[in-house]
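These protein sequence lines map, in sequence, to chains Y and U. In this note's numbering, each residue's number is its place in the first sequence (first place is 1) plus 304. In this note's numbering, each residue's number is its place in the second sequence (first place is 1) plus 47.
In short, the hints are calculated from the structure, not lab data. Heads up, some of the hints might be wrong.
[As the list claims (entries may be wrong)] Computed list of lysine-lysine pairs in DSSO-like fashion (alpha-carbon distance at most 30 Å, straight line):
1. Lys-351(Y) to Lys-193(U)
2. Lys-184(U) to Lys-351(Y)
3. Lys-90(U) to Lys-120(U)
4. Lys-207(U) to Lys-418(Y)
5. Lys-189(U) to Lys-339(Y)
6. Lys-422(Y) to Lys-235(U)
7. Lys-249(U) to Lys-49(U)
8. Lys-184(U) to Lys-347(Y)
9. Lys-207(U) to Lys-142(U)
10. Lys-442(Y) to Lys-351(Y)
11. Lys-351(Y) to Lys-458(Y)
12. Lys-254(U) to Lys-212(U)
13. Lys-679(Y) to Lys-532(Y)
14. Lys-594(Y) to Lys-378(Y)
15. Lys-339(Y) to Lys-184(U)
16. Lys-340(Y) to Lys-458(Y)
17. Lys-360(Y) to Lys-347(Y)
18. Lys-340(Y) to Lys-189(U)
19. Lys-255(U) to Lys-340(Y)
20. Lys-254(U) to Lys-189(U)
21. Lys-310(U) to Lys-339(Y)
22. Lys-207(U) to Lys-339(Y)
23. Lys-328(Y) to Lys-191(U)
24. Lys-594(Y) to Lys-215(U)
25. Lys-60(U) to Lys-249(U)
26. Lys-422(Y) to Lys-339(Y)
27. Lys-192(U) to Lys-133(U)
28. Lys-351(Y) to Lys-339(Y)
29. Lys-328(Y) to Lys-215(U)
30. Lys-321(Y) to Lys-191(U)
31. Lys-211(U) to Lys-351(Y)
[As the list claims (entries may be wrong)] Computed far set for chain Y versus chain U, every beta-carbon distance over 12 Å:
32. Lys-306
33. Lys-340
34. Glu-361
35. Arg-461
36. Ala-638
37. Glu-650
38. Glu-688
39. Ile-713
Using N, Cα and C, we set each Cβ at its ideal position, and we do this for glycine too.
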Amino acid sequence: MKLKIRKNLPLIDQHDKNFMYGGKFGGNFIPETLKKPIDDLTKLFGKLRKNKNFLKERDHYFETYVGAPTPFIKLENLTDHLGGAQIYAKVVSEANGGAHKIYNATVHCLIAKKAGKKYVVGDTGAGYAGKMLSMAAKKFGLKCKIFMGAKDIKRQRPNVEAMRKNGAEIIPVTTGSQTLVDAVSECMRYWVSNCDTTHMCVGSTVGPNIFIKICAWSTAQISRELMKQVKEEFGIIPEKLKLINCVGGGSSAAGFWNEFMNTHAQFIGVEAGGPKNSKLHAAPLTNGSKIGILHGAAQYVIQDKEGQIGSTDSISAGLDYPGISPLHCFLKDAKRARYTSASDEEALYAYQLVSKLENISPSLEPSHAFAEAIKLAPKLKSSEVIIVNSCGDSLKDKDIIKQKLGSYIR
Amino acid sequence: MKSKIALAFNNCKKEKRPALITYTVAGDNTKNNSLKILNKISKHADILELGFPHNTPIADGGQIQGSSHRALKNGIKLKDVFQIVKKFKKNNPHKPIILMGYFNLIYQNGENNFLESCKSSGVDGLIIVDLPYPENKNFANKCKKKSINFIQLLSPTTSKDRIKKIIKNSHDMIYYISMLSTTGGRLKVSPKKILQNYNTIKRINPKKNLVIGFGITEKTISSLKSANGLVVGSMLCKIITNSLKMGQNPVTKLDKVVYNLKKKII
Numbered sequence: 305m306k307l308k309i310r311k312n313l314p315l316i317d318q319h320d321k322n323f324m325y326g327g328k329f330g331g332n333f334i335p336e337t338l339k340k341p342i343d344d345l346t347k348l349f350g351k352l353r354k355n356k357n358f359l360k361e362r363d364h365y366f367e368t369y370v371g372a373p374t375p376f377i378k379l380e381n382l383t384d385h386l387g388g389a390q391i392y393a394k395v396v397s398e399a400n401g402g403a404h405k406i407y408n409a410t411v412h413c414l415i416a417k418k419a420g421k422k423y424v425v426g427d428t429g430a431g432y433a434g435k436m437l438s439m440a441a442k443k444f445g446l447k448c449k450i451f452m453g454a455k456d457i458k459r460q461r462p463n464v465e466a467m468r469k470n471g472a473e474i475i476p477v478t479t480g481s482q483t484l485v486d487a488v489s490e491c492m493r494y495w496v497s498n499c500d501t502t503h504m505c506v507g508s509t510v511g512p513n514i515f516i517k518i519c520a521w522s523t524a525q526i527s528r529e530l531m532k533q534v535k536e537e538f539g540i541i542p543e544k545l546k547l548i549n550c551v552g553g554g555s556s557a558a559g560f561w562n563e564f565m566n567t568h569a570q571f572i573g574v575e576a577g578g579p580k581n582s583k584l585h586a587a588p589l590t591n592g593s594k595i596g597i598l599h600g601a602a603q604y605v606i607q608d609k610e611g612q613i614g615s616t617d618s619i620s621a622g623l624d625y626p627g628i629s630p631l632h633c634f635l636k637d638a639k640r641a642r643y644t645s646a647s648d649e650e651a652l653y654a655y656q657l658v659s660k661l662e663n664i665s666p667s668l669e670p671s672h673a674f675a676e677a678i679k680l681a682p683k684l685k686s687s688e689v690i691i692v693n694s695c696g697d698s699l700k701d702k703d704i705i706k707q708k709l710g711s712y713i714r
Numbered sequence: 048m049k050s051k052i053a054l055a056f057n058n059c060k061k062e063k064r065p066a067l068i069t070y071t072v073a074g075d076n077t078k079n080n081s082l083k084i085l086n087k088i089s090k091h092a093d094i095l096e097l098g099f100p101h102n103t104p105i106a107d108g109g110q111i112q113g114s115s116h117r118a119l120k121n122g123i124k125l126k127d128v129f130q131i132v133k134k135f136k137k138n139n140p141h142k143p144i145i146l147m148g149y150f151n152l153i154y155q156n157g158e159n160n161f162l163e164s165c166k167s168s169g170v171d172g173l174i175i176v177d178l179p180y181p182e183n184k185n186f187a188n189k190c191k192k193k194s195i196n197f198i199q200l201l202s203p204t205t206s207k208d209r210i211k212k213i214i215k216n217s218h219d220m221i222y223y224i225s226m227l228s229t230t231g232g233r234l235k236v237s238p239k240k241i242l243q244n245y246n247t248i249k250r251i252n253p254k255k256n257l258v259i260g261f262g263i264t265e266k267t268i269s270s271l272k273s274a275n276g277l278v279v280g281s282m283l284c285k286i287i288t289n290s291l292k293m294g295q296n297p298v299t300k301l302d303k304v305v306y307n308l309k310k311k312i313i
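With the rest of the complex left out, here is chain Y:
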């Protein structure tokens, strides 16, 4: 059966009564204890997203606190250097805190306030989701706990320090691979035990359906801004337009593409291919992983024949996740988006090239997207346009980059 994206209905709402997209992705595979809190949150969010005052409040904080709109710039030097398509960047890393995770974090804190919750918990991989949640929690007067894999705590030091400064309690997760997948599990387990007093924020477009919805609804701000900026720059939506975004859980890509869903713009998602010559990767869509259930949702997921979730390896902590948003599984099977991967080495090279030539310095996550742009651009005509979502800043990756390349430039 070929899946189809419906027009005139937001992508996040294109699910059936069991919250499944295309009949097979998503859903709510959750313990009974979480049914009620998730139902409550679903109802509350359903009301809030239709409430004009809430939307005003959201826009107000996006403007004054997050810093909307983030810049849209042409990468003249990179375009000249590669000699092909015109390359642009949506510099989402200019948002408060340095990445797109601020949108989801801000909205979750606003919801937590409306729900009368005093505590908020969240997971984090690269540390951005955690950093932003801790920032927003501080701003809105909520107590904050962040679950983070012990391996990630070591490799994303700057973000860990930021979280501590914001007064968040960081809970190191030492089970399993000690990365994002375990942090999400541990955070959910914590919520099972504390759902009466605590609001949970899932850091990406993964997990039970409501978390996918809230996250994608929040990051959609990126493409609302971009749509305007593209029209200002070109007058129309360019005939040949590619929107390239990295995908780990898939929150920034979902937001980057949302407003362009019913246009002719092409979507390319770039997964983490892991180290060259290694079989470990975090690219379930590129490598044809089977559908399985992870963190409450059916999705393409890296797993063994039995259904045990597989380990992943990526230089980028933010993409180092065995699953992928059900929204992206849906977009892939409906052939609305194309997915590919970039290796650690390609991402590092892309980081280096962009940082050297331009005034921006993408973190290792969007460097995967830039790697694809660098591959594609020379093959395309100068009338074609590529826009990359530069959704994070390299500063947090300083240690890893220094270690891998010998020096760090920004």
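Go by the hints and put chain U onto chain Y.
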């Protein structure tokens, strides 16, 4: 024909005591030992729950995670779990055994295939932690057709309306989660309060066998003995962990502990 699970509850009612239900993880700490454990503790326990381990459990506390981790490290596969059940049933054909785990393993194995293996190895019931009502309706019906009990869970957060629906759709046993917690949390609600909730649910359909689980240890078990059944899991996993640490035999250790648990509820 009555299921073995229903018969076990009937026996306990006759003896005016709750059913003692144990939970251990298949393959913890080895395939052989987990079979030996089942053989030993089945002399005291009325129903045996056997976990089929998953490496990304979202509702299990540290103790059961530890047991699952040990079992998976030993290379336990679904086929080994069914082997253990089959071997156990050979010597104990009347003792009900319930498999407990997460849906992804069933999904990958294929629902029909999985139920076929349950049937041929002698599994009496299933608890699937992350397949709640109403999403579980299809699968629960498939179980019913194969005369396998699909055991649903209720929690303190389950609304009254929902409780009624779940009870209506339940088979021979329902599992009440004592408190908001992952498995193995400390009992943070008083036994009195737990029994109050329990009795409210029980009144909806007094005929249904309703058991209490989560946070039950030798310290708390006797205060809850008016229930139809009591599940002890994490405590047993912890004892396996501790006896391995101290170089003791987990099989004999567990035998003693379950014997003592039983003494507290008769």
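Are there hints from earlier that the structure breaks, and if so, what are their numbers?
-> Hints 1, 9, 11, 14, 16, 21, 24, 33 contradicted; others consistent.
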